[in-house]
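**Student:** Given these sequences and hints, build the entire structure.
From first to last, the protein sequence lines are chains A and B.
Counting from 1, position 65 in the first sequence corresponds to residue 65 in this note's numbering; the numbering is continuous, with no gaps.
Counting from 1, position 163 in the second sequence corresponds to residue 434 in this note's numbering; the numbering is continuous, with no gaps.
The reader is advised that the hints may include incorrect statements.
Listed below are several chain A residues computed to face chain B (Cβ distance under 7 Å; list not exhaustive) [to be verified]:
(1) L10
(2) S17
(3) N99
(4) L104
(5) S105
(6) Y271
Treat the hints as calculated values from the structure; they're not laboratory data.
We put the CB at the ideal spot given by N, CA and C, even for glycine.
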Amino acid sequence: MKNIYTISLLTFREALSKKIFLFFFSVSTFVILVFALLFGFVSAESFSGGFVNASTTSFDNSIANGIKMFIIYPLYAGGLFLSIFSVAGFIPTLLEKGNIDLILSKPVSRPQVILGKFFGGTFMVFSNIFYAIFMLWILIGIKFSVWEANFLLSAFTITLAFASIYSIIILVGILSKSSTFSLVISYMIFFIFSPILSSRDTIFAFIDSGFWKTLFEMLYYIIPQTSDLSTITTSFAVGNSVENFDSIIFSIVYIILILLGAIFIFRKKDY
Amino acid sequence: MNAIEVNQLTKIYKTSKKNIEVTALNNFSLIVKKGEIFGLLGPNGAGKTTLIKILLGIVFPTSGSATILGSPISDFRIKQKIGFLPENHKFPNYLTAEQTLKYFAQLSNVEIKNVGLQIDKLLELVKMTKWKKTKISKFSKGMMQRLGLAQAMMNNPELIFLDEPTDGVDPIGRKEIRDVLNDLKNSGTTIFLNSHLLSEVELVSDRVAIMNSGKLLKEGTVEDLTTSKESYIIETASNFDNNLLLESFDNISIKLDPANKLNVNVKDNLELNFVIDKIRKAGVNIKTISIQKHSLEELFMSLINDERRGEK
Chain A
1 MKNIYTISLL TFREALSKKI FLFFFSVSTF VILVFALLFG FVSAESFSGG FVNASTTSFD
61 NSIANGIKMF IIYPLYAGGL FLSIFSVAGF IPTLLEKGNI DLILSKPVSR PQVILGKFFG
121 GTFMVFSNIF YAIFMLWILI GIKFSVWEAN FLLSAFTITL AFASIYSIII LVGILSKSST
181 FSLVISYMIF FIFSPILSSR DTIFAFIDSG FWKTLFEMLY YIIPQTSDLS TITTSFAVGN
241 SVENFDSIIF SIVYIILILL GAIFIFRKKD Y
Chain B
272 MNAIEVNQLT KIYKTSKKNI EVTALNNFSL IVKKGEIFGL LGPNGAGKTT LIKILLGIVF
332 PTSGSATILG SPISDFRIKQ KIGFLPENHK FPNYLTAEQT LKYFAQLSNV EIKNVGLQID
392 KLLELVKMTK WKKTKISKFS KGMMQRLGLA QAMMNNPELI FLDEPTDGVD PIGRKEIRDV
452 LNDLKNSGTT IFLNSHLLSE VELVSDRVAI MNSGKLLKEG TVEDLTTSKE SYIIETASNF
512 DNNLLLESFD NISIKLDPAN KLNVNVKDNL ELNFVIDKIR KAGVNIKTIS IQKHSLEELF
572 MSLINDERRG EK
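**Tutor:** Next up, the structure:
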């Protein structure tokens with residue numbers, strides 16, 4: 001455990017050294033400050049444009065949910081876009097000659113190296129996302145007295161979506177040693193394949209071929225279900241009840257399986 | 272117990288694209304005793320780095336076995352007692368010298384309470400104290416080598432592998448590194464030195480092995496390898512007739528150099544005494560008789576050239 005922690009900590013530092021995470025943090029801080037100022041100077045009624053002049057609980061909830069949705073979408077898409085970009089090089093950098101030799105010459109097992117990298121990168125992303133969500137939760141709570149704890153859970157589902165993509169980045173990084181290739185694959189999954197496969201039921205209405213339907217169905221279970229996690233994240237954010245946790249369970253199992261695969265390959269490779 | 276025991280190690284690399292096999296180590300066997308400085312010599316591509324990487328579990332052998340400090344190389348925990356400075360090592364460039372050493376100390380399971388003191392001690396030893404808080408992205412190659420050496424010593428290893436430790440270091444720095452190696456040796460650490468700088472290896476090593484194309488060509492103490500027991504230098508005090516020598520020793524190879532030194536190649540002691548008797552009989556005064564010494568470089572070149580001729 002100590003070795004995983006040490007490598008995680010270094011990965012966290014590596015992430016910090018990347019300007020992109022600082023940019024992410026700065027943007028989050030800027031948005032938080034803008035809302036803090038806005039909440040400080042503008043009354044709750046003004047958010048409705050003066051159409052409602054009574055501060056009721058349902059009114060506050062609606063406004064609060066509107067703000068949450070305004071934040072959660074860019075945080076999910078933009079936050080993950082930046083996070084994926086910044087971690088894509090972690091494994092290829094780790095595997096560079098002169099670096100991997102040093103780490104493997106220490107009393108550290110190969111699975112510990114991979115798990116350290118995974119947890120370090122994931123924790124960095126979680127910190128950034130949780131920081132933004134938690135601060136907004138505080139601000140919304142103070143302004144509208146809406147303390148919906150489920151909003152905080154969205155930080156976990158966004159992190160889970162990142163972690164499932166990051167596990168793919170690790171696997172592809174070990175196989176290809178290329179950050180560009182890892183990046184292309186990750187973006188394709190996140191922005192193209194996952195949204196398409198998530199709406200496969202709609203697509204099936206236009207397809208008769210059983211082959212394509214089976215193929216789509218198979219791909220749905222091979223590729224991380226980040227779009228489904230996005231739906232759950234939105235539900236958490238606005239306080240809707242989430243009845244189907246399949247995507248969360250699937251993502252956790254998916255991460256474990258992909259990491260096991262990555263570890264299996266990493267254990268066999270010469271460096 | 273020996274520090275390293277290598278038994279019939281073979282490593283064959285397979286290139287993924289053309290399915291070509293490259294034999295980096297070919298039934299390679301070696302023993303390194305505890306407490307010695309062992310130098311491994313060989314031209315580029317001889318298999319030196321592959322051997323070290325196999326011993327450290329970075330590369331897996333195709334066949335054969337090896338132990339380090341009595342444990343099989345597959346046991347990663349033994350690395351707690353090992354230090355390693357790889358060739359062209361890369362440290363995380365966003366860390367300072369101190370943070371780098373701390374990180375590797377933690378990975379080597381050094382007790383946290385000892386880390387600070389150990390860092391100060393080692394940075395002083397490699398003359399890097401004033402760069403303690405400097406980010407290593409600003410370091411020169413020589414400074415990186417010094418820091419790398421400190422890193423390899425962080426866990427007070429019983430065995431230390433150094434792959435080209437003086438690479439990129441100026442002559443003064445090299446002398447300082449040699450001094451560090453000798454101090455380490457005096458403290459009982461076994462040093463496995465991998466270098467193509469023959470003079471460096473000759474200066475510090477107790478024993479050396481010369482390898483080429485994955486095979487061990489020669490192994491022994493520096494003294495044994497550089498001393499030719501069949502060649503002697505006889506220094507004379509007076510001039511003598513060169514023809515007389517040629518006539519008297521038709522079966523023995525003798526060469527006279529301008530400084531009145533005879534280079535004599537004999538089969539054994541008897542033949543040497545025969546030569547001495549002849550010279551004395553001719554009325555020549557002998558000043559000194561010494562064993563002919565070759566530099567490690569001469570031996571290395573001769574072995575590698577023989578090997579290459581054999582391959583042709």
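**Student:** Are the hints correct? Go through all of them and say.
**Tutor:** Status of each hint after checking the structure:
1. L10: Since the shortest Cβ distance to chain B is 6 Å, the answer is holds.
2. S17: holds, 4 Å
3. N99: Status holds, d = 4 Å.
4. L104: holds, 5 Å
5. S105: holds, 4 Å
6. Y271: Check passed: Cβ of A/Y271 comes within 5 Å of chain B, closer than 7 Å.
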